[in-house]
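Chemist: Letter by letter, the chains look like this.
Number of protein chains: 2
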Amino acid sequence: MKDKKPLNVSEASIGTNPELMLWESEHWAAMLDIYPVVEGHSLILPKRPVEHVTGLRDDEIKSMGEAIRKVSGMLKKTYGPGLLMTMKCGEGAARTISHLHIHVMPRRRGDRLWDGGKSRIVLDRTSGFPRLEMDRDKLKSVAKRIRGVK
Amino acid sequence: MKDKKPLNVSEASIGTNPELMLWESEHWAAMLDIYPVVEGHSLILPKRPVEHVTGLRDDEIKSMGEAIRKVSGMLKKTYGPGLLMTMKCGEGAARTISHLHIHVMPRRRGDRLWDGGKSRIVLDRTSGFPRLEMDRDKLKSVAKRIRGVK
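Chains as they are written, first to last, in numbering that gives the first Met the number 0: chain A, 0 to 149; chain B, 0 to 149.
Next comes chain A alone, as it looks inside the complex (with noise of 0.2 Å):
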């Protein structure tokens, strides 16, 4: 096992204050987010400065799942098994910190983003929010599409 590199973090807004680190390994590092919407509100990211998921190199992809599957038992056994794990890469995705970072939430029934029994994160079917109306056939063709580029 090589040392552990230190965490390179430019922005301010995600934090480096080691009271608030969970766990790190040689090329990740896990905080508490300071601006939490949950209590246990997680971050994790790669010690190296990365902006899009696509830029992560082999070795720090390799150990990315490590990271994932930790911390979510951490907070699997702090707050139980609710988990929501979050990640947007590029402007379009509204992301406003260009240090990639994977949120990780604890989520209970009945917490402040559960709605009258309905989440209101819109990915949820539950949510009201209307899915697509798109045919086999057009699905068909965006697979082939996406499929193309491979």
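Do not rely on the hints blindly, as some may be mistaken.
To be verified - Partial list, derived from the structure: chain A residues whose beta carbon lies under 7 Å from chain B:
#1 Y34
#2 M73
#3 G89
#4 G91
#5 V121
#6 L122
#7 D123
#8 V141
No lab work stands behind these hints: they were computed from the structure. Predicted, not measured: the structure shown is a model, and the values here were computed from it. C-beta atoms are modelled at their ideal positions from N, C-alpha and C, and glycine is treated no differently.
Once you've looked at the hints, dock chain B against the given chain A.
Modeler: Below, chain B alone, put in the same frame as chain A:
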């Protein structure tokens, strides 16, 4: 390289139409979501049915990052750099499909997840959804609690 394993999806709502598949590796597969929020809305999932991210085996975890980077790259080349990735574990996260899956959605400024220049995703600080008011001492005690279960 071992032979690729088949995808083992017992839940029809994920779908296993080969024409909607985007990519696969030994342990992971990617396909279009059949209820897309935006065009190109994709799912990445382990071939083995696993309910919670903490239940992934070491070999699955080591290749998780590759799946995320690969599919993100395909969507970036097809639609541009904006991406939203989410994963929910546990009923407390309003998860409706128990086979673990990661959503990856192309995003762009002004898309249907965008709301008057503000993302509707509540995790976004510009969404207007209030963050918790938690001072440094409280944050430090939360971090200490979570670190304690490591």
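Chemist: Report the numbers of all earlier hints that the structure fails to satisfy, in ascending order.
Modeler: none
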